[in-house]
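Chemist: Protein chains in written order, with the numbering used here: chain A, 11 to 228; chain B, 290 to 495.
Check the hints yourself; a few may be wrong.
Calculated pairs, SDA-like style, for lysine to any residue (alpha carbon to alpha carbon, straight line, at most 25 Å) [said to hold, decoys possible]:
hint	chain 1	residue 1	chain 2	residue 2
1	B	K292	A	E100
2	B	K351	A	T33
3	A	K30	B	K292
4	B	K328	A	L20
5	B	K351	A	T200
6	B	K462	B	H437
7	B	K328	A	G46
8	A	K155	A	V84
9	B	K292	A	T33
10	A	K120	A	E108
11	A	K62	A	S13
12	A	K203	B	K292
13	A	K48	A	R101
14	A	K184	A	K203
15	A	K48	B	T371
16	A	K120	B	E386
For the record, the hints were derived by calculation from the structure and aren't laboratory data. These numbers were taken from a predicted model, which means no experiment stands behind them.
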Amino acid sequence: MISIDQQQKLLLSVARRLTKKITVYAVGGTAMMFLGFKDATLDIDLVFESEKDREIFQKAITSLGYLEMDALKVYGIKRNAPKMFKLDDERFDLFVVEVIDFIFSENMQKRAEQIHQFENTLILKIANPHDIILMKCATDRIKDKDDAQKIINSTKINWDIIIDEAKKQISLGKDRAAFDLGCFLEDLKTKMKLDIPKEVLKKLFLMVGKQAKERRKK
Amino acid sequence: MDKIELLQKLTGIQTIESVMDLLRVDRRMAIYYLHRLRKEGYVKTKRQSNNRRVYTISVDNKLGGKSYYEIINRYSPIKVSTPSVYRIYGKEPSLEEAIIHAIKTKSLRTILASLALFKRINNWTELYRLAKENQIARQVGALYDLAHRIMKIRRMSKTFRNNALPQKKDKFKYIIERLKSKDFMIIEKTWRVYLPFNEMDLEEYQ
């Protein structure tokens, strides 16, 4: 586990080793720590705007001693799995634009209003809590549901943002978005007894129904 | 009570009484909870004129770093609240950067407050470099001239002025979309930049 202080120090040392100014989006546990939902995380999940930026970041962390590890162990066989780097207990999961079956869309980038700048080189934008839930749905590891629960319990969720984003994801070619999100939220509602409005699930599964009809037509 | 839950309930400005109310606990427990959060670095304490303690509880206190708004508020008589989080770690943000950031926010009050920073600018080369990088050199020049009208400030370097002044072909630019000045048209013409302020807006500086 990595605490807030350790994370700050780590990001500062990475920033000092970066050769170019880059902008990165923090999703998952890291974003939750910056937003005050958590005080420690297992991994630092980051989304880059381009492969080139990821390479620059990768160089910086490997110079700190981080070693690449197999993403299969954590994510299984999933598309757009991240590049993973580990040193002792700390782990970086580095995505480029796509996080498994979701795209870190332009709207998500705009919603990331909180900015943390490390030295002159590392601009870290913190994903909006709504988008963190979506990303948690994308990665869907065991701890992700607990994290989503924490967010839903501690902040007011505007479900329209989540539904609109699911629509956006479908328009961007991520056909599974509504289905995955619906299942994820249904799990949270039934297994974890979270207060997720029925209409939200209804709207999501209606979208899935529509998609299925359109497919049949084709 | 879980630390994160405690933090979420108490985030904001609190007194011991408000903590007691929010957590529905007695004074002794309220002090204990505040102590726990302070130990983790989430609490900043100030005293009012009547010696009462006011606690600012926030994740930002724990995260540390500096924000441009802190710099503006330190040097400007006009104070601004923090509309968005932009914190900087590992270096001390400069006044030059704060001016550029203020202009980029396109917020009337932030830009107004940042005018006071011109009093303390001495690295004009850095200011020009940043302004040029962000394509707002003319805006900086126009705001400098405006600040010069209302307060005593250091002279702008000739290099800055010569390099930043517009050419005849340059079109007028807005600092804040669709806001023009009725009282500072000469400055606007000189820099080919519309200023978002009138004389009345600057009263707080006089």
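Chemist: Work down the list of hints and note, for each, if the structure agrees.
Modeler: Now the hints, each set against the structure:
1. K292/B - E100/A: Given pair K292/B, E100/A holds - Cα atoms ~23 Å apart, limit 25 Å.
2. K351/B - T33/A: Status holds; Cα separation ~23 Å.
3. K30/A - K292/B: Roughly 38 Å between the alpha carbons, so the hint for K30/A and K292/B is violated.
4. K328/B - L20/A: holds, 22 Å
5. K351/B - T200/A: violated, 36 Å
6. K462/B - H437/B: OK: K462/B and H437/B at ~20 Å, within 25 Å.
7. K328/B - G46/A: Status holds; Cα separation ~16 Å.
8. K155/A - V84/A: holds, 15 Å
9. K292/B - T33/A: Violated, at roughly 31 Å.
10. K120/A - E108/A: holds, 16 Å
11. K62/A - S13/A: It is violated: about 28 Å lies between the C-alpha atoms, which goes past 25 Å.
12. K203/A - K292/B: Roughly 22 Å between the alpha carbons, so the hint for K203/A and K292/B holds.
13. K48/A - R101/A: holds, 17 Å
14. K184/A - K203/A: violated, 28 Å
15. K48/A - T371/B: holds, 23 Å
16. K120/A - E386/B: holds, 22 Å
Of the hints listed earlier, those the structure fails to meet are numbers 3, 5, 9, 11 and 14, in rising order.
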